[in-house]
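K.L.:
Those protein sequences? They're chains F and G, same order as listed. Following full-length UniProt numbering, the numbering of the first sequence begins with 1 at its first residue and continues without gaps. Following full-length UniProt numbering, the numbering of the second sequence begins with 1 at its first residue and continues without gaps.
In short, the hints are calculated from the structure, not lab data. One thing to keep in mind: the hints can contain errors.
Said to hold, decoys possible - In silico BS3-like pairs for lysine-lysine, Cα to Cα no more than 30 Å straight-line: (1) Lys223/F x Lys29/G; (2) Lys9/G x Lys7/F; (3) Lys234/F x Lys9/G.
Each chain, written out:
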Amino acid sequence: MSVFYEKFERHAHGEGLKGHSTHYCPGCGHGLIHKYLAETIEDLGVQDRTIAVSPVGCAVFMYYYMDVGNTQAAHGRAPAVGIGHKVANPDAIVVSYQGDGDLASIGLAEIMQACNLGLPMTFVFVNNAIYGMTGGQMAPTTLMGQKTTTTPEGRTRLMGEPLKMAEILGQMDGPVYVERTALFDNKQRNRTRKAIKKALTLQVENKGLSFVEVLSECPTHLKLTTPEAERWVKEQMVPVFPLGVKKDTSAEAEAWFDPGTPAFGVDEVVDLIGGTDQKPERFASGFPTHIHDTDISIKFAGAGGDGAQTIAMLTTRTAINEGWDSTHIPSYGPESRGGTSYADVHIATDEVLSPASPNPHILVAFNPPSLEKFGPHVGSGGIIIYDSSVVPSPPKLDSGVKMIGVPCTEIANDLGKALVKNVVALGALQAATELFPEESFLATMRQALQDRCALLALNEEAFARGARAYREATKSNGS
Amino acid sequence: MASTKTRPKPFLFPEFCKACGRCISACPKDCIAMGSEINPATGFTPVELDLEVCNGCGLCLTACPEPYGLMPAPQQVDFELIDPQELLGDRLTSAPEPQPIPDERIGLPPLEPLILKGNHASAIGALLAGCRHFFGYPITPSTEGAELLARLLPQLDGIFVQAVSEVATVNMMYGCGGAGLRCMTFTSSPGFSLMLEGISYMIGAEIPGVFFNVMRGGPGLGNIGPEQGDIKLACRGLGHGNTHAIVLAPSTPQEMLDLTMDAFDLAFHYRNPVVLASDGYLGQMTGRVNLPNHMVRPGLPEWAVYGDENHRRNLHTSILLIEADLEAHNAHLNDKYDRMTREQQRADLFRCDDADWVLVACNTPARMARGAVQQLRDRGIKVGLFRPITLWPFPIDPLTPLLERVDGLIVVEAGAGQLEDELRLAASRAGLPLPPLHRIQHFGGVLPQQQEIVDAVTEKSGGAA
Numbered sequence: 001m002s003v004f005y006e007k008f009e010r011h012a013h014g015e016g017l018k019g020h021s022t023h024y025c026p027g028c029g030h031g032l033i034h035k036y037l038a039e040t041i042e043d044l045g046v047q048d049r050t051i052a053v054s055p056v057g058c059a060v061f062m063y064y065y066m067d068v069g070n071t072q073a074a075h076g077r078a079p080a081v082g083i084g085h086k087v088a089n090p091d092a093i094v095v096s097y098q099g100d101g102d103l104a105s106i107g108l109a110e111i112m113q114a115c116n117l118g119l120p121m122t123f124v125f126v127n128n129a130i131y132g133m134t135g136g137q138m139a140p141t142t143l144m145g146q147k148t149t150t151t152p153e154g155r156t157r158l159m160g161e162p163l164k165m166a167e168i169l170g171q172m173d174g175p176v177y178v179e180r181t182a183l184f185d186n187k188q189r190n191r192t193r194k195a196i197k198k199a200l201t202l203q204v205e206n207k208g209l210s211f212v213e214v215l216s217e218c219p220t221h222l223k224l225t226t227p228e229a230e231r232w233v234k235e236q237m238v239p240v241f242p243l244g245v246k247k248d249t250s251a252e253a254e255a256w257f258d259p260g261t262p263a264f265g266v267d268e269v270v271d272l273i274g275g276t277d278q279k280p281e282r283f284a285s286g287f288p289t290h291i292h293d294t295d296i297s298i299k300f301a302g303a304g305g306d307g308a309q310t311i312a313m314l315t316t317r318t319a320i321n322e323g324w325d326s327t328h329i330p331s332y333g334p335e336s337r338g339g340t341s342y343a344d345v346h347i348a349t350d351e352v353l354s355p356a357s358p359n360p361h362i363l364v365a366f367n368p369p370s371l372e373k374f375g376p377h378v379g380s381g382g383i384i385i386y387d388s389s390v391v392p393s394p395p396k397l398d399s400g401v402k403m404i405g406v407p408c409t410e411i412a413n414d415l416g417k418a419l420v421k422n423v424v425a426l427g428a429l430q431a432a433t434e435l436f437p438e439e440s441f442l443a444t445m446r447q448a449l450q451d452r453c454a455l456l457a458l459n460e461e462a463f464a465r466g467a468r469a470y471r472e473a474t475k476s477n478g479s
Numbered sequence: 001m002a003s004t005k006t007r008p009k010p011f012l013f014p015e016f017c018k019a020c021g022r023c024i025s026a027c028p029k030d031c032i033a034m035g036s037e038i039n040p041a042t043g044f045t046p047v048e049l050d051l052e053v054c055n056g057c058g059l060c061l062t063a064c065p066e067p068y069g070l071m072p073a074p075q076q077v078d079f080e081l082i083d084p085q086e087l088l089g090d091r092l093t094s095a096p097e098p099q100p101i102p103d104e105r106i107g108l109p110p111l112e113p114l115i116l117k118g119n120h121a122s123a124i125g126a127l128l129a130g131c132r133h134f135f136g137y138p139i140t141p142s143t144e145g146a147e148l149l150a151r152l153l154p155q156l157d158g159i160f161v162q163a164v165s166e167v168a169t170v171n172m173m174y175g176c177g178g179a180g181l182r183c184m185t186f187t188s189s190p191g192f193s194l195m196l197e198g199i200s201y202m203i204g205a206e207i208p209g210v211f212f213n214v215m216r217g218g219p220g221l222g223n224i225g226p227e228q229g230d231i232k233l234a235c236r237g238l239g240h241g242n243t244h245a246i247v248l249a250p251s252t253p254q255e256m257l258d259l260t261m262d263a264f265d266l267a268f269h270y271r272n273p274v275v276l277a278s279d280g281y282l283g284q285m286t287g288r289v290n291l292p293n294h295m296v297r298p299g300l301p302e303w304a305v306y307g308d309e310n311h312r313r314n315l316h317t318s319i320l321l322i323e324a325d326l327e328a329h330n331a332h333l334n335d336k337y338d339r340m341t342r343e344q345q346r347a348d349l350f351r352c353d354d355a356d357w358v359l360v361a362c363n364t365p366a367r368m369a370r371g372a373v374q375q376l377r378d379r380g381i382k383v384g385l386f387r388p389i390t391l392w393p394f395p396i397d398p399l400t401p402l403l404e405r406v407d408g409l410i411v412v413e414a415g416a417g418q419l420e421d422e423l424r425l426a427a428s429r430a431g432l433p434l435p436p437l438h439r440i441q442h443f444g445g446v447l448p449q450q451q452e453i454v455d456a457v458t459e460k461s462g463g464a465a
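For reference, chain F alone in the conformation it holds in the complex:
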């Protein structure tokens, strides 16, 4: 009896007889199942490791009685709470104890996931075909024709058929053992004891998830005496909910759940998050004040897949490596491929204030819509680089804006890889704006491609061709 509290202090402060008697009605099956659980926990020597999870239903107060770690859960959520406990401490023996409304109605999603996951846990499902705690309403397991306070004329097809959880869960891959038992005579009670013992043993052996559905009596809401309720379960419930083992693969199950002990070593954590004390090499002699004294804003725009985001990110990385503050914000259209995609970049001496670039100093546009949309917002003195292979006739913009057409797509195709057109544009951007030295961008690019060295030569070539194309374009324009 030691797994029951010596005194039920949590039951109305243990006053009077409540200190040693349960809150359950006479004849209720919960007390029996509690007893078999307590016995088993004692027999297996796992009292200290056990956590009982008791969600809403009459057995929400299981923690009044069981001298184990106790967690009371929200209605239906005991399987999720139990998963939380089990992954927090794989040595914990987690018992989720749920009624029919809890498990088979409001908590269906949670029990399905838990059984699908199959962590070594134990589920005790008390099916008495009625809501006890709320006062005799229809349960998902209420029998057809059975009268309850919400089926005053008896359950009809319009209220669904009784849900057979043991059969449903027995079909799943997760559980290793699923059985339905009952309490209505000595033989059934003995089977229930054995089933609970087996279910907990499988968890103690770390073999898998077990589910025991117990057909239980609720004499109060069935409005029957206890012997009558026992007979009712035997004669009315059992034909609908056949007793027996629904699944048992425990013989071939092996111990498995061993996620290890979480690691807190400084070196492994620092290494994992990419922390380093290596200072990135710097190539610039100062902030590019020829563009703006303290805060430069750039916009990269194109169709999804044009690579605007990638070179925006490379620009931000280059700026931070050079010791400045920088931000990059991507903004995608409805699809990340094929929609419009633009990125705002800021580079600031001290701290980027507003990270948006509604009026950029520099615009890189890969297609006509981008140029039409953002071009007019580039201020006087600004620079626009556009893909002249895609935009043969650019719109007329403010005469103070320097428009540079670079055949990015053409050059990229010439290099045999259309995808590098963005790097061509970046090379042109560097040459046109001298935002940072060439070497500075190339260093960032090498860093980004360190795991894909094969692509490096192509990208460096694309970058160089972009710069060259800028020089050619400006020469032919005579500017």
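Once you have looked at the hints, place chain G on chain F.
P.N.:
Relative to chain F, chain G alone:
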């Protein structure tokens, strides 16, 4: 006959019999019958035992639903004369008083800044704060945080669980946080709505956990643009009942990391969930992030339900049936909320010292406002930015000196006045009159822009455009 000597016969304190009669049919020897005398203490008519032919088979013991109902007769003589309380025990449990294992702060070597997306910065903050357990359900624009942890946590023997829903997520956190471990989730507005019920349970049961909400456009499915539409939920609507939690509002990738680390400390310090309210822009924003000088190896608090001897006597529950008990529990929570309000108000004041006009903004809109302040200052207009870092408790104390002095406040929000409501409520509760209050609001994923803030302040302050 030997067996009758080794197997004890049943024994019953009549006051613990509820007269259900299960034992009567269980007994193969018909030793048990329904009694005829009503027990005055219970009103039941307990069964009567006639054990002459009892062979101690024990079937009646297995059939009795009461833990202290039919039990094997004690072996000692004259046990029937002993006070039942003495025989049954008079304390809850023999389990030990749990002892806490304190957290450990481990120094980190000086490291170069990282270049991180906001959501990633937060995930890394969680790792550095000692979080090794993540539960979540994918939702844009918060997924990058979860994805990074899905990749990194297993490498630290941590746990990543993709839950069946946000409802399951928060309840997994209830279990894992209840076990005394640091756990978190990333979510976005519709998902956060689903978690609120569970957060109420966590607050009721005093279970810590960190909820990172990357707020997006609403109501309903809305869109994935940045909005600040969940300030109301986080500050006023954490499920049913008397609930509050500290709500932190980062505004840079750096703060995404720093405040996530703080969130875990605060959650465990107060035994309460902590909400990080970010927005879609910040989640996606990449920037420079300095690493802290320490990380945390969490201990195990004394209140945990961990599944070991040390914590066996513990219980997490939010149900308190007796009204006086629940009132006392709420008074205790109120004390805790008061402490949070006294101890945790945080704000960033940017050029407020001599400001005539003060902008109030948080998250990304605060950055637009910051840019606007700089632009206006360059023109000689005296404007500052008051940026709440804690949205609850609202940092009314640092705002108070400004309220008495400034010409007006302009609340800049990507939302319909939820931040303004917090400001108004905090001032009202503090009994402070507000100066003229104006607002710049956008919705649906549209952010207030720097220029419109500049224009608005210029107009209000009568300054030159």
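K.L.:
All hints are to be evaluated individually against the structure, with a verdict given for each.
P.N.:
Here is what the structure says about each hint:
Distance restraint check for Lys223/F and Lys29/G: the Cα-Cα separation of roughly 29 Å lies within the 30 Å cut-off, and the hinted pair is therefore satisfied. Proposed proximity of Lys9/G and Lys7/F is supported: the alpha carbons are some 23 Å apart, at most 30 Å. Using a Cα cut-off of 30 Å, the hinted pair Lys234/F and Lys9/G holds, with the two alpha carbons roughly 29 Å apart.
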